[in-house]
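Student: Residue numbers (numbering that gives the first Met the number 0), protein chains in the order written: chain A, 0 to 176; chain B, 0 to 176.
It is worth saying that the hints were derived from the structure and are not from the lab.
Treat the hints with care, as some may be off.
Identical chains blur together in the list; that is why a pair holds if it fits in one copy or across any two.
Derived lysine-lysine pairs resembling DSSO-like cross-links, with alpha carbons at most 30 Å apart [stated by the list, open to error]:
| # | residue 1 | residue 2 |
| --- | --- | --- |
| 1 | Lys51 | Lys100 |
| 2 | Lys100 | Lys161 |
| 3 | Lys130 | Lys74 |
| 4 | Lys161 | Lys74 |
There are 2 protein chains.
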Amino acid sequence: MAETHGLVIVNTGNGKGKTTAALGMGFRAWGQGLRVLVIQFIKGNWKYGELKAAEKLAPDFVIRQMGEGFVKHVKSDGTADHQGAAAEALQMARDEITSGKWDMIILDEINYAVKFGLVTVGECLELISLKPAGMHLVMTGRDAREEVIDRADLVTEMREIKHPYKQGIKAQKGVEF
Amino acid sequence: MAETHGLVIVNTGNGKGKTTAALGMGFRAWGQGLRVLVIQFIKGNWKYGELKAAEKLAPDFVIRQMGEGFVKHVKSDGTADHQGAAAEALQMARDEITSGKWDMIILDEINYAVKFGLVTVGECLELISLKPAGMHLVMTGRDAREEVIDRADLVTEMREIKHPYKQGIKAQKGVEF
């Protein structure tokens, strides 16, 4: 067995903290000298706090935003081309996983992309099989498929116990976005 | 209601990701210009990846390590004085919460400290009551008490679905520590 056994990690469930825990893991890994890439499969080109923070940790902590934020992924009727954006994210994931440039890759919301038919479960399993032995691969998003969980080393379900939106409190800058 | 409604956030459960999600939240909040303090209630003075990463974000992202890492918290028989360390962490929490210096304070493993009788649930509730309206207070650790959950706005349970230790894989640098 190699010195570093790269883990396949899945954060799933209906609660908060799936992406946030992955970011925290990336932050910690970066502190240990690992090179960390985040590829977003769903979220658009918003000004997340994490983007600003990631800039400070560049070039060894990089967040690549995919999804509807990309201008070219707009259909002729003007709506967002989620399918095209997901396909591009998927190809980027393949390329980066096999590039040798990263010690940890976080595929953010890929489970959600599978749920919505933008990525197939077979494509997810292909990404896992492409993973070099020493690389950590983190997959987030609710409703992770059983086939993916079967291949993972560490799986955590984030369960919502209580949520402020349901109590009439608005999303808070720095916490929710 | 003020522009910013500071949330009381609890990450609990038996799974991974409670502290990690809190760190990710701190990372994101910092990116939004918030000043973030982490106070550890249990862990010792280890060289966590997050400490190295936090240094990059100083002075507005600070991790204060408490617990057995402090030399003065050793009992006469040479064992760690967990009680003394927790009392010091608690007093630091009181002082920092009321200092006006922070927009988010993460009380890491405080629920665990309560579980082990190092901090009382009444002291936890006191910290919540001291919180300025605009400050976010994050409390992590398994077995959060019902009284604390009642006072929280956002509560997430991290449930372990699968863990690599149980499959004979050692803790991995950058992921587990």
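Student: When Cα atoms must be at most 30 Å apart, do Lys100 and Lys161 count as within-copy, between-copy, both, or neither?
Tutor: between (40 Å within a copy, 28 Å between copies)
Student: Please work out whether the CA atoms of Lys130 and Lys74 approach to 30 Å or closer within one copy, between two copies, in both situations, or in neither?
Tutor: neither (32 Å within a copy, 48 Å between copies)
Student: Is the C-alpha distance from Lys51 to Lys100 at most 30 Å within one copy, between copies, in both cases, or in neither?
Tutor: both (22 Å within a copy, 21 Å between copies)
Student: Checking Lys161 and Lys74: alpha-carbon separation at most 30 Å within a copy, between copies, both or neither?
Tutor: neither (38 Å within a copy, 40 Å between copies)
The structure is inconsistent with the numbered hints 3 and 4, although it conforms to all the rest.
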